[in-house]
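Peer 1: Place chain S on chain W using the hints.
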Amino acid sequence: MSTPQPTRDVIVHLVQSSVQTILQRRGIRVELSEQTVLSGAPDAVLDSLGIVMLTVEIEQRITDYFNGQYRLSPEGLMAAATSDVETVESLASLVLATLESNHTP
Amino acid sequence: MSSNLPIDIYIVSDFTAQPLADALHVDTEDPHVAARVAPYDQVVPTLSAIADRAHTCDVLVVWTRPEAAIPSFRRRIEGDVATLDDLTHDVDQFATLLQKAAKAARLVFVPTWTKPYFRRGSGMLEWRADIGLSEALARLNLRLSENLQAVPNAFLLDSDRWLASIGPRAIDPKLWYMAKVYFAPSVYPLAASDIKAALRGISGRARKLVIVDLDDTLWGGIVGEEGWQALRVGGIDPIGEAFADFQRVLKSLTRKGVLLGIVSKNDESVALEALRSHPEMVLRPDDFAGWRINWDDKASNIVALVEELNLGLESVVFIDDNPVERARVREALPQVLVPEWPVDKMLYAKELESLPYFDKPTLTAEDARRTEQYRVERIRLVERETLGLTEWLSSLQLQVLIEPCSSSNLKRAAQLLNKTNQFNLTTRRITEAELWQWANVPHHCLRLFRAKDRFGEYGLVGLVSLTIDQSVGTITDYLLSCRAMGRGIEETMLAWAVQQAREQNVHRLYADFIPTARNRPCFDFFDRKSKWLRESDTRFSWDCADEYGYPDHVNVSVLPDDPNFQINSNEVAPQR
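Protein chains in written order, with the numbering used here: chain W, 1 to 105; chain S, 1 to 576.
Same shape as in the complex, but just chain S:
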């Protein structure tokens, strides 16, 4: 999904789904998609055809009405008996169809089942077992979710949220009777937005950094004028509570791997004192990966901060209460996403929670630790300035553990493949299932690189994969998390690749660079630092008669390629 070709989306539904295809086409957000609609109300035959590979598609959207997909639910609507066992049986059958189709499609999205607001069902008995429709519907969705847990490329989408945001008009019986359009037209753009958010997340294009202004954005008031004691955060104060909640939403993003930054026109010492000292401040300096607090232009400060964090501008969301600053950043840095921001401060948290730019297909241990890792990185960089590069590298006591792909690190491996942009040779984007399948093909070899130094863990930061064809080897993937660049892990990864190639009697190992808008750093490394031969503008090679040694300052350990081997801790193995 990294090419510029539109993503092929096939919509399978038991109602007229053309409005969803239209909404997907009209939505201007990334990525570009081409949506097609399967024949109306042919869900089972269409899913069977996809499972049999008689019909192919990239992304499958299966949107059904529970009364159509689940016969026992229809019986319950009609007042007939439908037990929990009946419901479970029907959901399992439907889920089996989805699971089979999911093997043939790259991704499957299934909006949850819902019912119209006007369907009162049994009133006060709605949540009684074996009677209520609401009770049945909750069980149906839970059971479907349980069934799809084991399908890494299938995701349920929360349709209740779409309907709730439209209100009573979300389902219009007139459209249903006249054209078999089940939902009101205004529902489909919301569905399209969530599908695109998911596609962005899966292809590594979710936003990774939220940069906030301070005065009247992170807190109420002007700290430079009023002092931190007078700032409105928390307390028995509607505005203060709203700012505290806004900060809580920001903090929750950090636990999902999103970094926070500050760009604000203020005196740095005054602003940081407020963050440290205000008793009800939810966010403290350690919650931020970096900041630029000064009186300079905000756009320039954003560029500097993003460079410091080794990210791209397209990773950034910038939040500022001042419309002039927002307009300035939008104009100067079109890659940065600058959402319109409400004037009413009590709507800040709601606005942030509704932004569809942070979706991820998985959450890993690395995500939860990311801010801490950047904090530690700041300390490392201060030392680099003091010691100089060579002495600094030696002082790091860098350890790299090379480990095979296993069930315990597959999620992170797929995340690395799909998120890494700058130091990425080929920017191959594949799902967990596809990666696992690829890694298990003979002549394919894949390893992950876990690192730590005396400051702490980097986690799993690198991935290299090779394809060996007799005497010729090709590096299929070669990527490293941007926060681990420039300390010898790149060379360690190449050294492992060459060693593998030599052990398998490869004469020449090739690295074919596939340029993107963002992976120039990887090219520059091969071109200027790797000592590999540049054969063309996109091809580098290494003569495997020669060794490519591990850097002196890196201690390397290798985990054995044992298919039953499970990694039980995040600890890097002892030094060689």
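If we strip away everything but chain W, and leave its shape as in the complex, we get:
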């Protein structure tokens, strides 16, 4: 069985569904788009706890989706996610770049 490749569409989908899960668990209703601000701005939809939970959720989904062939380090992702204003789109780009640099075939 071949492992799927981390395309931008796949990663955006995984990030978006992770964000959706975290928001649902916290009872936050937001119309989600790639431009939704997740952190680093007053209108961000997640607080610091939400960002931690999001990064762990994304890491888990990436591991599951790519059968362990691609891995993320949630603490690295969290450091990046909390240092700048992050949107769904920019977080997805960050995840994609990290996966590409970390990939061990």
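Treat the hints with care, since some could be wrong.
To be verified - Partial chain S-side listing against chain W, Cβ under 10 Å, derived:
hint: 1; residue: Thr16
hint: 2; residue: Gln18
hint: 3; residue: Pro19
hint: 4; residue: Asp22
hint: 5; residue: Ala23
hint: 6; residue: Gly167
hint: 7; residue: Arg169
hint: 8; residue: Asp172
hint: 9; residue: Lys174
hint: 10; residue: Ala179
hint: 11; residue: Val181
hint: 12; residue: Ala184
hint: 13; residue: Ser186
hint: 14; residue: Tyr188
hint: 15; residue: Trp341
hint: 16; residue: Val343
Unchecked claim - Ranges of calculated distance between the beta carbons of each label pair, as one might list FRET restraints:
hint: 17; chain 1: S; residue 1: Arg248; chain 2: W; residue 2: Gly27; range: 37 to 43 Å
hint: 18; chain 1: W; residue 1: Arg29; chain 2: S; residue 2: Pro39; range: 27 to 33 Å
hint: 19; chain 1: S; residue 1: Asp41; chain 2: W; residue 2: Gln35; range: 19 to 25 Å
None of these hints come from the bench; they were simulated from the model.
A virtual CB, placed ideally from N, CA and C, is assigned to each residue, including glycine.
Peer 2: The following block gives chain S in isolation, referenced to the frame of chain W:
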């Protein structure tokens, strides 16, 4: 907890517990709650503040990790010596804190201590005394449970079940190291669901009646087509075994006071013959409080059955394998809980066992006898139809015993207060401890009413309490189990209340009705049958210059108000 205000829940924990507060808010089931989280890892100071009443809360949830709450357990994790005495000492200290906090909170929930699946500990020595972590953990939880037995408003919640249903990901070290969140996010909704189930049970909102369909729900097959001999129940047959197990789970509910009913499209005689004749049928007709087996609409049949049993639709869970029937009942009767039901029959028992709608804070002798009481009631009602009301009442040979609140009936008294909805003047919901405290205040007077007639025992079915303030008396609680309504016990309770008021020189006795969605029958009784003066839409009164006599057909006995008096049997005292 009967008002519409959200229930205040305060979560005290040694890990980040915000996800539990979020889960409690997100959970759409009753009741509505407002959850707050105490400062992180401040368990002892927070519990002490609550015990000192420096901080107040309605419901307290204390969720800790054993390695944090019990120093000797931490030592054992680290391979150091921690004996059973050490563990016991530490648990007792922790339990003392909980006991003190429980005096200031209305309810306390404590999830049991657990350990992550990956912690192998000492492997084959895990269950050796003084060595194993699993052995220690079991002893810790047992000791905590023993300590909390004497605290009627404190309950342990089974956290192992939550973790087991999530599996290996239930505890995620990454979340712990990054945010001090000990459990995975998917654990908290399960905890929230159990907390809400407990709150529903305590406030009398647990479901009381499970109505089942028959064909392919209670048994495998279509009885009208195949005959009862061909039905799949028990036997050496995986499906038959699954149906037998499903019936066993239903039967176990009846022993906890939940009634069973049948609503099925079938010929009644054919269906009942199957229940009576199939050799491996676990449930027999006497296990059901009532049934509507005909070809009519199921929603209408549910309404009729619920009326016959004097219950409300919000007491009902309806189980049917047919999704069309489920959708129809959901649409017609939104108060009825209709769970989604698995297509796979081997999952029926599992599905029923997992429903969080039958929790109760106590189990009483009345609970175990409830189905039998409804069976007897059916016989009574048949006679009422034949004899007419007046002759029927006279023929009942009804005896009512009026007894003070004591340690032997306190559980049942609190259960009555918290479960009775329809015939309930004020719907006051209080815990056992609060009730005992209330009953022991001067100028408060509380009595319980136990009844039996020639058909059998009703058990403790009524409660009246009064508050006397010089010449003015007020009925604080006045409630009667719905299955005992309409045979003169209501009047007997009022007669006792008036007699008490007269003996204490009260001039006027008041009954202030607090309307709820379900207690109209109590209002109607005061308004139409009691002869009390209706002073306003919510107030009735009685001039205590006049007596209010006991009904002629009721024999009344009164137990003395002796604080040392213990009731040793369920027998009603001899007639006057």
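Peer 1: Work down the list of hints and note, for each, if the structure agrees.
Peer 2: Results of checking the hints against the structure:
1. Thr16: Because about 7 Å separates Thr16(S) from the closest Cβ in chain W, which is inside the 10 Å limit, the hint holds.
2. Gln18: Check passed: Cβ of Gln18(S) comes within 6 Å of chain W, closer than 10 Å.
3. Pro19: Hint holds; Pro19(S) Cβ to chain W Cβ min 7 Å, cut 10 Å.
4. Asp22: holds, 5 Å
5. Ala23: At about 7 Å, which falls below the 10 Å cut-off, the nearest Cβ of chain W leaves the hint on Ala23(S) intact, so it holds.
6. Gly167: violated, 13 Å
7. Arg169: Check passed: Cβ of Arg169(S) comes within 8 Å of chain W, closer than 10 Å.
8. Asp172: Since the shortest Cβ distance to chain W is 7 Å, the answer is holds.
9. Lys174: holds, 5 Å
10. Ala179: With a closest approach of 4 Å, the Ala179(S) hint holds.
11. Val181: holds, 7 Å
12. Ala184: holds, 9 Å
13. Ser186: Hint on Ser186(S): holds, closest Cβ of chain W at ~9 Å, below 10 Å.
14. Tyr188: holds, 8 Å
15. Trp341: Given a least distance of 25 Å, the restraint on Trp341(S) is violated.
16. Val343: Hint on Val343(S): violated, closest Cβ of chain W at ~27 Å, above 10 Å.
17. Arg248(S) - Gly27(W): 37 to 43 Å: holds, 38 Å
18. Arg29(W) - Pro39(S): 27 to 33 Å: holds, 28 Å
19. Asp41(S) - Gln35(W): 19 to 25 Å: violated, 38 Å
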